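Once you've looked at the hints, dock chain B against the given chain A.
Take a look at the letters that make up each chain.
2 protein chains.
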Amino acid sequence: MKPSLHTSLSPALLPLYDVSSSIVVIIDVLRATSTIATALYNGARCVIPVDSVAKCIEIGRQIEGITAGERDGKIAEGLEHGNSPFEYPREFIEGKTLVLTTTNGTKLLHMALEKGAQRVITGAFSNLDAVCAYLSKQQQSVVLGCSAWKDRVNIEDTLCAGAIIHRLESAFEINCDSSKIAHTLYQDAKKDLFGFMRKQNASHYHRLSGYGLEEDIRYCLTPNVAGVLPVYNEGKLTSDLTIS
Amino acid sequence: MKPSLHTSLSPALLPLYDVSSSIVVIIDVLRATSTIATALYNGARCVIPVDSVAKCIEIGRQIEGITAGERDGKIAEGLEHGNSPFEYPREFIEGKTLVLTTTNGTKLLHMALEKGAQRVITGAFSNLDAVCAYLSKQQQSVVLGCSAWKDRVNIEDTLCAGAIIHRLESAFEINCDSSKIAHTLYQDAKKDLFGFMRKQNASHYHRLSGYGLEEDIRYCLTPNVAGVLPVYNEGKLTSDLTIS
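Residue numbers (our numbering), protein chains in the order written: chain A, 1036 to 1279; chain B, 1036 to 1279.
If you are wondering where the hints come from, they were derived from the structure by calculation, not from laboratory data. Keep in mind that this is a model prediction, so the values were computed, not measured. Don't take every hint at face value.
Which copy? The list can't say, so a pair holds if one copy fits it or any two copies do.
Stated by the list, open to error - Here are the simulated lysine to aspartate or glutamate pairs, EDC-like style, with alpha carbons at most 20 Å apart:
#1 Lys1150 - Asp1186
#2 Lys1271 - Asp1107
#3 Lys1234 - Asp1223
#4 Lys1150 - Asp1164
#5 Lys1271 - Glu1093
#6 Lys1234 - Glu1208
#7 Lys1234 - Glu1204
#8 Lys1172 - Glu1208
#9 Lys1185 - Asp1107
#10 Lys1225 - Asp1164
#11 Lys1037 - Glu1204
Next up, chain A with everything else stripped away, as it sits in the complex (with noise of 0.2 Å):
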């Protein structure tokens, strides 16, 4: 029998899947988990995602981490960098902890967790392929976890899960329509991901193009710029290439 698939369109519905014994991959496009990717991608050591901007402050200051996040899309006060994966390349990451706080993403990545969650990863159009190629091999029920707008389904996650289950549906049960819902929605996408963003007006495309992020949009939708598997383990999260 194949393992299951289903999608959790926003950290709302989350209580309503068996996470207990699946994987869960967080999925945060604009612009956690594009983020985690691409920071481990360019040689972050690790990055820790706490979900509150003290925690982050008081982690940084303790283990002399980069603290970064956001809040409602800008940099929040007390922390030293934004949710960019921008400010990320190797000559100011490579070796470094990345201490992440997000609005959505990392809010998601500890519910998960508290629920118990077998294993967490993160996945993004980032890291597609290493993602998809990861949950081949597992044989595992997997709960695709979109993050949302605070609680409200959006777009660019729903394309992403929708992304990963094109990719799977032949290995995977998928008897779950939010499943069916977001890969209908990527195929509708798939030929042109920003150009779709841009037609639907999507919210985050609004809010985001409004402060100026075009370029991080468009590098966050285009597939395996950063082809990494970000693992949770013990408080981090660590591209362990053993793991797979």
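Same frame as chain A, but now just chain B:
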């Protein structure tokens, strides 16, 4: 300025939307809101939606109404009738009161009332044009409330929300990714809604067709077979044509 339109893809997401200044459209295509439209179209005096089987039996006895409802897609124990629109032809239902409880639809309706919705109506493909005509006349904010299945997003309610949006998009300000996802899904499916549901093997299609209810599904996906506008007022849904 145009009024806003939002879509809540699951009852678990309804608290995210400001229903207190909105008309809320309860959508439960398979089968509660299709059956409500059909019963009223066929002359039922009113439909009393209740959120428990016990209350259904009690009220049914008090007012000598017809008790009906399902739990998990089957007639609930202690009730006389089920949730199939075919159970309510004119020769049976005309002039009578239907007391109805269902797994998802009546639950969402009561949630919307508790949250102080300005007005609650019910929508389905069966009464699509009546709903759209009403909404476009009111010039008021709208929340499309999908009943889903035990809080899990489903394809058919999302499609119905998409069908409403398809007809109303120019009349409303739609800054809502869920609405855009619903609209995209509908545009993919609109040529053959039944074929789309079957091809996707939608969870509810699978469940009901397993009970031999394919004809119910076909009926519930057919637009405008029961062109009434069920409006909630003081505990009852009536087809109040004067309201539009």
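Evaluated hints:
Within a single copy, Lys1150 and Asp1186 get their C-alpha atoms as close as 17 Å, and across copies as close as 18 Å, so both meet the 20 Å cut-off. Proximity of Lys1271 and Asp1107 under a CA criterion of 20 Å is satisfied in neither setting, with 24 Å inside one chain copy and 42 Å between copies. Taking CA atoms no more than 20 Å apart as the test, Lys1234 paired with Asp1223 passes in both settings, with 12 Å inside one copy and 16 Å between copies. Neither within a single protomer nor between protomers do Lys1150 and Asp1164 lie at most 20 Å apart by alpha-carbon distance, with minima of 27 Å and 44 Å respectively.
Proximity of Lys1271 to Glu1093 under the C-alpha cut-off of 20 Å is restricted to the intra-copy arrangement: shortest distance 16 Å within a copy versus 56 Å between copies. Proximity of Lys1234 and Glu1208 under a CA criterion of 20 Å is satisfied inter-copy only: 15 Å between copies versus 33 Å inside one chain copy. In this homomeric assembly, Lys1234 and Glu1204 come within 20 Å of each other (Cα to Cα) only across copies, at 14 Å, whereas the closest approach inside a single copy is 27 Å. In this assembly of identical chains, the alpha carbons of Lys1172 and Glu1208 lie at most 20 Å apart only when taken from the same copy (15 Å versus 45 Å across copies).
Taking the shortest Cα distances, Lys1185 and Asp1107 sit within 20 Å of each other inside one copy (9 Å), while across copies they are farther apart (31 Å). Within a single copy, Lys1225 and Asp1164 get their C-alpha atoms as close as 15 Å, which meets the 20 Å cut-off; across copies the closest is 32 Å, which misses it. Taking CA atoms no more than 20 Å apart as the test, Lys1037 paired with Glu1204 passes inside one copy only; the shortest distance there is 10 Å, against 41 Å between copies.
Going down the numbered hints, you'll see the structure goes against 2 and 4, while the others check out.
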